[in-house]
Each structure stands twice: as structure tokens, then as C-alpha cells.
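Colleague: Given chain A, work out where chains B and C should sit, using these hints.
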Amino acid sequence: MSITTFIIVSVIKSVAVIFVLLTAVAYSVWLERKVTGHIQNRWGPTRVGPFGLLQPLADGAKFILKEDLTPPHVYRPLYLTAPIIAVTFAITSIAVIPFGNWVDVGGIKTPLQIAPDLNIGLLVVLGITSMGVYGIALAGWSSNSKYSLLGALRASAQMVSYEISLGLSLIGVLIMAGSFSLREIVNAQGGTFLGFIPRWNVFHGQTLAFFIYLISAFAETNRTPFDLPEAESELVAGYHTEYSAMKFAMFFMAEYANMVTVACLATLLFLGGWHGPIFGPPILQMILPVFWFCVKVFFFIFLYIWVRWTLPRFRYDQLMAFGWKILLPLAILNLVVTALIVAW
Amino acid sequence: MVPLTCYLLLSGILFVCGVLGFLIKRNIITIFMSIELMLNGVNLSFVAFAAHWHALSGQVFVFFVMVVAAAEAAVGLAIIIAVYRTRETLNVDRVNLLKL
Amino acid sequence: MLHLALFLFFGTICVAGAINLLVQRHPINSALSLVVVMASLAAEYLLLGAEFVAAVQVIVYAGAIMVLFVFVIMLLNAGEEERTQGSRVAILLGIPGVVIGTVLVAWVLLHRSSTGLVSIGGLRGDPKSIAGLLFKDFLLPFEVTSILILIAIMGAVVLASRPGAVARRHGEPTATETRELVSAGKER
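First to last, the protein sequences are chains A, B and C. Note that this note's numbering has the first sequence beginning at 1, numbered continuously upward. Note that this note's numbering has the second sequence beginning at 1, numbered continuously upward. Note that this note's numbering has the third sequence beginning at 1, numbered continuously upward.
Any given hint could be a false lead.
Across the chosen pairs, the derived CB separations fall in these ranges [what the hints assert, rightly or not]:
1. M320(A) with T102(C): 43 to 49 Å
2. D137(C) with Y27(A): 50 to 56 Å
3. G276(A) with T102(C): 31 to 37 Å
FYI, nobody ran anything at the bench for these hints, they're computed from the structure. Glycine included, every Cβ here is placed at the ideal spot set by N, Cα and C.
Chain A on its own, in the form it takes in the complex:
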């Protein structure tokens, strides 16, 4: 296809995906409040719209209209750019995530992925995750307050430590698929084995890697049980103590966007991506893979919220000991066993 068609199609895809992502972020906040409420034996938001479905709109209006206070003692350049950095890196990694097969719309064939099949898609996601530490570290440091600084130091140390087991758990998947490209990894999980069990990586050998990935991802996104950096009872609010209104909303969005990215990556690498029962007319066959993808991502976000209100928080030294002394050796063990089995 010509270069202008390519650019127009890419712009349309980017706009659509970012719109869906931001809506997903807003409604995962709604989902969290509802599920939290029900776990805690209360209703959650019910007043704004049916079932409280317009609650994110009310929250957005609140954030925009709230007084945007910049405390006088902060280091202004970094204070103002830290939320931007956090949100930018949280949203950028959606560019390499494929949602479905190639679709054919009016004669134009295009993959359901903003950056069509990069050879190193998985590495791009890992790189953007590594860069996301800067938003938190700079926010805590520029706020010039002891709660923020301690929260930021803890959060950066935690994120950097768990990045290692995150990466190592993904290498097992890599060895089985033989490529860094996310589309190839999903395609390698097609079909079934033993007759009816789908050949998703979570069933087909990478179960330990799946759990290591899940735990490391919980730690990467600073969610309970690893949310000591922003625990209310511990550090006031950790690295975003001094932020209000829109800037706090950006950190909030960045955290939930990271959750969505991690959920998308988990479905792609371990749960077979968009593979699922496909039936019906061609228009349905184009939409059903995306539907299965969304179902699996929704399951992961629900799992995030469920774990948050079930498990108690780790203490910081327990957290670091767990990451370095338990997860890292297990990830290396998984890598060695997978490599041995595949080599034979």
C-alpha cells in the first residue's frame, strides 16, 4: 500500500486504540471501586448513572475542577514533567501490542497493531517498562519532602529489582516461540495438544513462568501486595504526596494504564492472545479474536483487583528478599529447564 494510505490507516488505528485504552483505564477505576465494594460487602458507586457507570466522568470533572496547587518548595521543572513522563511511557507500550489477526477492510489489509509487526516487539515493551521508573523517581525527588523521597526510593528499587525476574520469566516463552515478535509468539500458541487443551503457554509448559510473570508484574505496577511505595497508612501517599488535581490524575492514569499493558502482555504471551472459538460470518470472524482478547484482559484486571483486597501488604525487606532470593532463582530455573527441553 502507498505511504499516504499507510499513514492514514496508522493514524486511525492509533486514535482508536488510544481512545479505547483511555476509556479502559477510566472504567477499570470504576471496576475497581465496584469490585472493592462488593468484596467489602458494600455497593460501591451507585448514584452517578445506572450502576454508577458514569462515575469516571464525575471523577474526571472533579480532577479538572480541583485546585491545582504547586507547593512552593518543589523543584519545579521536574515536578511538572514527572507526571508527563509517567503517563507517556505508560501509554506508549500499547503501540506494539497486537489485538487480532490481519483484517481486510474495503481492500486494505492491515494488522490490528499500531506498529506493524516489529521484530523486537517484546524488547520494546520491556524497554518502555524500564523507562517508566523515571516518572516515579523524579516525582518523589522533585517534591522535596521526606515521604515522597522515601516512597520514590522504595518504588524505584522495587521496580528495578522485579524487572529482572519479569524479563527472565519471559525468556522461557521466547525460547518456545523462537522470536521476539509478539505476533509470532501468539501464532505459536495456536491449535491444541492432547486433543482439547489449547496450546497456550500457560498450559503448555510455562506455568511456573506465568506465575513468576504475574508476581513480578504486580510488583512492577506497584500494586498490592507490593504497594508499599504508595501505601496510605505508611507513607501518606508515597511519591505522589505533593501532587493534586490533574497531575495526580496523570499518575493515577499511568498506574492503571500500566496494569492494562501488563494484562495485555500476559494474555499475549501466556494465554494465547486472541485465540478462541471462531465461528460465523466473516465480519464476526474479524471481531471475535478481538473479543476473546478483551475477555482475557478483563480477567487479568479483575485478578489484579481481587488480589488487592485479599492479600496483606509485604514489608519492604520481605519484598526485596522475595524478589532477589526466591523469584530470581526460580526464573533462572525455569529458563534452564525450558532451554534443556527445547534443545532436545
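Modeller: Chains B and C only, in chain A's frame:
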């Protein structure tokens, strides 16, 4: 199509900036960062020549440079923390107790 | 044309970041300029076709080593550099001198040398071929660098540990630690 010389010039400029930073700056952490800048300039040279002579070992050597830079950064920063604990300063001019 | 435009765009960002590193007085600004330099260098590597090297540059250099630098700057609460005695003659002669020297060298090299051109995406460095080289021809350097990293880890842990850290009771901060935590919360 960009002449190879352009890449080498960019690499040279980065290296010279690194050397200038190493000589001019007084903060030990900034001096370390200038060393990293020099190493990055050299990495660009490696990759540019690899593309020019179609030899992939240029790109492989970049890995070794990165590994050495990482090891050096880790040990160097540990030394800086140790020196800061005793001398309470990050200014290299002040760490001069052995000077005559 | 596109190649030249992209090269100049990212090259300008590189040089601007490098000069900003020299000019800034606070080390955190220098660290962030260096991150910008590394990210734009990753883009330059992509222009040369080294995709794996570019990804590793972002993951390792910009995402881990520079985080370590930022971490140490935050931990030690390093303030702005003291103003040393700058010589005005040096600035008046030095900066134009460096610029003129650079332009001269660039002009001579670009017009006289006859090295070839590099096409966009010059040498495709995909992970498979690099892995082939890394684990077959360069296996010995690879293993030696892994031992080097192990030594660096041990050295860093020993050098940065607090005096008497092993004998300290679990969970209690020493006097030095408490003092450091308090001073880390003070104003810059």
C-alpha cells in the same frame, strides 16, 4: 544515504563532549556521566562501521562495551557512596587529604 | 533524503543533550540530559539497522544504568555544583575556538574523504544473527564479561555496605543510617 563520515563526526562530537565534561566538571557523579557519554560515542562508531563493512561483529562488540560500562558504573557509584560517607562532599577538589 | 533528515534530527538531539550535560550545574539535570542522549542514540542505531542493539541500549543503558545514577543522586541528595573560578578568557576564546575547530574538521572530512555511504537500515542486526555470533565466535568474551559482572556485583555490595552491616541487628537502623535518612529529607 548518509555518508559514513557523518556518523563518525557525531560519534566524535559526543566523545569530545565527554572528555570536556571529565576535565571541567567538579561533581564526581557528573564526571562519571561524562565517562558514560564517551562510551556511548564509541558505541556509535562501532555500529556505524559495522553497517559500513557489513560485519556484524561491530554490533556484537557494542554489547561488551555496554557490559563493561555497567560494571564500571556499579562499582564506581559504590565507591562514590563510600567516599561520601566519610568526606560528606561530592566535590573532587575537596577529596584531597593525600595531597602534599 | 529521509535518512539525512532523521539522522540530523536525532543527531541534533544527541549533541544538544551532550552540551546540556556540560552546562547544567545540578547533577540531576545532567543525568536526565544523558538519558535523552542515550534515547536518541538508540534511534540512531535503528537508523543503522541495529535493532537489537537499540533495544538493549534502551533497556540496559537508559533504563538501568541511568536509573542507578539517578538513584545515587537522589540518595546522596547532591546539591548544585559550587561555582569554581571560571576564567573569562577561557570562555571567550574557548567556545568559539571549539565551534570553529569542529566546523573545520567536519568540512574537511566531509569534502575530502571518500568513504562510502550508509543506507538506511544499513546492516540488519536481528536477534538471531547476533545470538549466533555472540554464542559461537564470541563465546569466550561473553563468559568473561559475565564473570566481570559477578565481580562488579560483589565489589559494589561490599563497598556500599554500611560499616558493621553484617554484625548489625536485623531491622534496626544504625546511627549513621538515621542521620542519613534525616538529612535526605532536608531541603536541597
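Colleague: Are any of the numbered hints broken by this structure? If so, which, sorted upward?
Modeller: Number 3 only.
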